[in-house]
Amino acid sequence: MARVSIERPNWARRLSTFFYLHPRVTLAVLLAPPLVWLGVIYLGSLAALLVNSFFYLDPFSGRLIRELSLSSYAQLFSPANFDIIARTTQMAAAVTVSAAALAFPLAYYMARYASPTLKAVLYLAVTLPLWSSYLIRVYSVKLILAKEGVVGWFITQVGLDPLLDFLLGLPGIGGPSLSISAMGAFLAFLYIWLPYMILPVETALARVPRSLLEASADLGARPAETFRRITFPLAFPGVVAGSIFTFSLTLGDYIIPSVLGNSSFFIGQVVLTHQGTAGNIPLAAAFTVVPILIMAVYLVIAKRLGAFDAL
Amino acid sequence: MNNPPAVRFEKASKHFGDVRAVDAVSFEIYDGEFFSLLGPSGSGKTTCLRLVAGFEHPDAGNIFLHGVPVSDLPPYERDVNTVFQDYALFPHMNVAENIGYGLMIKKVSRAERTQRVQEILDLVRLTGMGERKPSQLSGGQRQRVALARALVNHPRVLLLDEPLGALDLKLRQEMQIELKAIQQKVGITFVFVTHDQEEALAMSDRLAVFNHGKIEQIGSPAQIYEHPATSFVAGFVGVSNLVRDELARAITGVAQTFSIRPEKIRLQAPGAPISAEQCAAQGTVREVVYLGMHTRYVVDLDGRGELTVVQQNLDTTSMDVLSARGKRMQLVWQRAHNRAITGGG
Chain A
51 MARVSIERPN
61 WARRLSTFFY
71 LHPRVTLAVL
81 LAPPLVWLGV
91 IYLGSLAALL
101 VNSFFYLDPF
111 SGRLIRELSL
121 SSYAQLFSPA
131 NFDIIARTTQ
141 MAAAVTVSAA
151 ALAFPLAYYM
161 ARYASPTLKA
171 VLYLAVTLPL
181 WSSYLIRVYS
191 VKLILAKEGV
201 VGWFITQVGL
211 DPLLDFLLGL
221 PGIGGPSLSI
231 SAMGAFLAFL
241 YIWLPYMILP
251 VETALARVPR
261 SLLEASADLG
271 ARPAETFRRI
281 TFPLAFPGVV
291 AGSIFTFSLT
301 LGDYIIPSVL
311 GNSSFFIGQV
321 VLTHQGTAGN
331 IPLAAAFTVV
341 PILIMAVYLV
351 IAKRLGAFDA
361 L
Chain B
-6 MNNPPAVRFE
4 KASKHFGDVR
14 AVDAVSFEIY
24 DGEFFSLLGP
34 SGSGKTTCLR
44 LVAGFEHPDA
54 GNIFLHGVPV
64 SDLPPYERDV
74 NTVFQDYALF
84 PHMNVAENIG
94 YGLMIKKVSR
104 AERTQRVQEI
114 LDLVRLTGMG
124 ERKPSQLSGG
134 QRQRVALARA
144 LVNHPRVLLL
154 DEPLGALDLK
164 LRQEMQIELK
174 AIQQKVGITF
184 VFVTHDQEEA
194 LAMSDRLAVF
204 NHGKIEQIGS
214 PAQIYEHPAT
224 SFVAGFVGVS
234 NLVRDELARA
244 ITGVAQTFSI
254 RPEKIRLQAP
264 GAPISAEQCA
274 AQGTVREVVY
284 LGMHTRYVVD
294 LDGRGELTVV
304 QQNLDTTSMD
314 VLSARGKRMQ
324 LVWQRAHNRA
334 ITGGG
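First to last, the protein sequences are chains A and B.
Counting along the first sequence from 1, when you hit position 264 you're at 314 in the numbering used here, and nothing is skipped either side.
Counting along the second sequence from 1, when you hit position 276 you're at 269 in the numbering used here, and nothing is skipped either side.
Bear in mind the hints are in silico, worked out from the structure with no lab data behind them.
In this text the structure is predicted, and so the values were computed from the model without any measurement.
Please note that the accuracy of each hint is not assured.
[To be verified] Straight-line alpha carbon distances no greater than 30 angstroms define the calculated DSSO-like cross-link-like pairs of lysine-lysine that follow: (1) 99(B) with 178(B); (2) 126(B) with 163(B); (3) 207(B) with 353(A); (4) 173(B) with 207(B); (5) 173(B) with 99(B); (6) 353(A) with 4(B).
[Unchecked claim] Listed below are several chain B residues computed to face chain A (Cβ distance under 10 angstroms; list not exhaustive): (7) 23; (8) 25; (9) 71; (10) 79; (11) 84; (12) 142; (13) 146; (14) 299.
Heads up, the beta-carbon is just placed ideally off N, CA and C, and yes, glycines get one too.
Make the full structure from the sequences, and use the hints.
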């Protein structure tokens, strides 16, 4: 009887044996690269950001003063800056709620009813937009929403121009055309981030065994009640996971509001301006901390609501 | 008994694509009885249960609960409850919330709910476990929560879909006794799906043996075991020797297929005298399996077939029985234990 690993060199066998007998060493070897990467690139830059947000610009000379102070944070509460934060948060909330509402039925269909083939096709269809450049997609949405674009043409054909004009006339969300309005920015955000909501919701729904829904019906619950008490609570972690994407990505984005929005700024745009042309790194850093804080608060609330109980 | 039967199938059929899961099945389950649906996997027994629960609807025929046709009623409008094979406990609710779910849906007051949940927890011996999450329970405890969640609603029919399948042997035997005791205490009709013939025999008042979407035989455990109507029942419920055609003629004088249980056959030295009430066959012991309490012999009847014989190890040791291998033996049994088989192959 020949030895099993006859064609493998001796050192390879010894190495395998060494790793097999020393699982902690194996773990260290495997985990070191990602941990170093995360530690240096991610935590390092986060630390730099935090430190910078506590510096401030000398109001007269405009020089960076490297002393700890809360003055940059105080500036966030000036009416103009607070307005930007509120606008961005509202947009992120609107995009998240709409994405969840749009994603849920599709995700439910994919998880419960679609045949394996159809499911694969739908997966592909949902993720297909992610294959092309983000910028291309944003500009495509702009073209579609433009006054002479497909949507405008369709609205004219079905005689809904008065409705569109009314909506565009509304303060806050309106503008000269769909492609230059908060509504346009909203639609673009919704389109761009929707896959990030569909996929985790689908995953969460697929993990709910059919027998739980049958048990609920068996115990007398109508479909609506089963949805409210069983399906939704169990899929909620998926919705929260999706909303972390849609919410935080909207909070930080600066391209969609500058391509499609009206002249009102979003957080991302202010950060870009302050760290670039205005040279106010501390204020830019303070603005960047805002989405992080909002997400932290958001997750605490989600946990209170029991979003992670079923995990 | 003027009450309509608790469950009645009237030529009910259910197809999945080309597969006839349930094929024009008719039978009745009486009020208050412990009725088992026994069969191998894919025989249609679980589909029958799901038809009663309302998770499936028949393609043809009809199903009645207490005389009322229910074929088109959804599960939430039927007065039956189910204990699921995988228990289907809601993971985001604790034990008390799981058990109280049906009562909450029916808008039973909180006070009454709490009381009934406590009572049922006592009944299934889970007192004080109400606050636990399903994930903190053992398999046997989950099984009892599932049972309690169904029973607490006082359904007129309780459906159990292989509820003991995931438990180890010892726990399963304990639960069999416990389930039977609970059924006698609450007096609800139990419809019990299982592929374990021993379980079905031990627990049921009556049982139906399923094969290929049809019922092979319905009867009490004793009837099914002692008078199997078809060769399938003879083979599936317990172990049976099936003696066909030429061999049957050689033994009984008539070419009529019959079955004989292994425990009814005795091994004797060749040539021992036999009486007129007895059947006999000669052969060589091909295989001996010592099973502790008893021993199983496979005896080759000189190439004409083989018979399995089971003997209790009353006076014999393992050495004795194992030495029987390869020896010539005479097999003898009472003619009265032969069961003529008329039904299919």
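Hint check:
Proximity of residue 99(B) to residue 178(B) is assessed by CA-CA distance (about 24 angstroms); at most 30 angstroms being required, the pair is judged to hold. Our distance criterion of 30 angstroms between C-alpha atoms is met by residue 126(B) and residue 163(B), whose separation comes to about 25 angstroms. A C-alpha spacing of about 52 angstroms is found between residue 207(B) and residue 353(A), which places the hinted pair above 30 angstroms, so the restraint is violated. This hinted pair checks out: residue 173(B) and residue 207(B) have alpha carbons roughly 27 angstroms apart, not beyond 30 angstroms.
Distance check on the hinted pair: residue 173(B) and residue 99(B) sit about 28 angstroms apart at the alpha-carbon level, within 30 angstroms; holds. For a cut-off of 30 angstroms, the pair hint linking residue 353(A) to residue 4(B) is broken: about 53 angstroms separates their Cα positions. A least Cβ separation of about 22 angstroms between residue 23(B) and chain A goes past the 10 angstroms threshold, and the interface hint is therefore violated. About 21 angstroms separates the beta-carbon of residue 25(B) from the nearest beta-carbon of chain A, more than 10 angstroms, and the hint is not met.
Among the interface hints, the one on residue 71(B) holds; its C-beta lies about 8 angstroms from the nearest C-beta in chain A, closer than the 10 angstroms criterion. With a least beta-carbon distance of about 6 angstroms to chain A, the hint placing residue 79(B) at the interface is held under the 10 angstroms criterion. With a cut of 10 angstroms, the hint placing residue 84(B) at the interface with chain A holds, because the nearest CB-to-CB distance is about 6 angstroms. Nearest Cβ of chain A to the Cβ of residue 142(B): about 7 angstroms, under the 10 angstroms cut. The hint holds.
Checking residue 146(B) against chain A: minimum C-beta separation of about 7 angstroms stays under 10 angstroms; hint holds. Checking residue 299(B) against chain A by beta carbon gives a least distance of about 38 angstroms; that is not within 10 angstroms, so the hint is violated.
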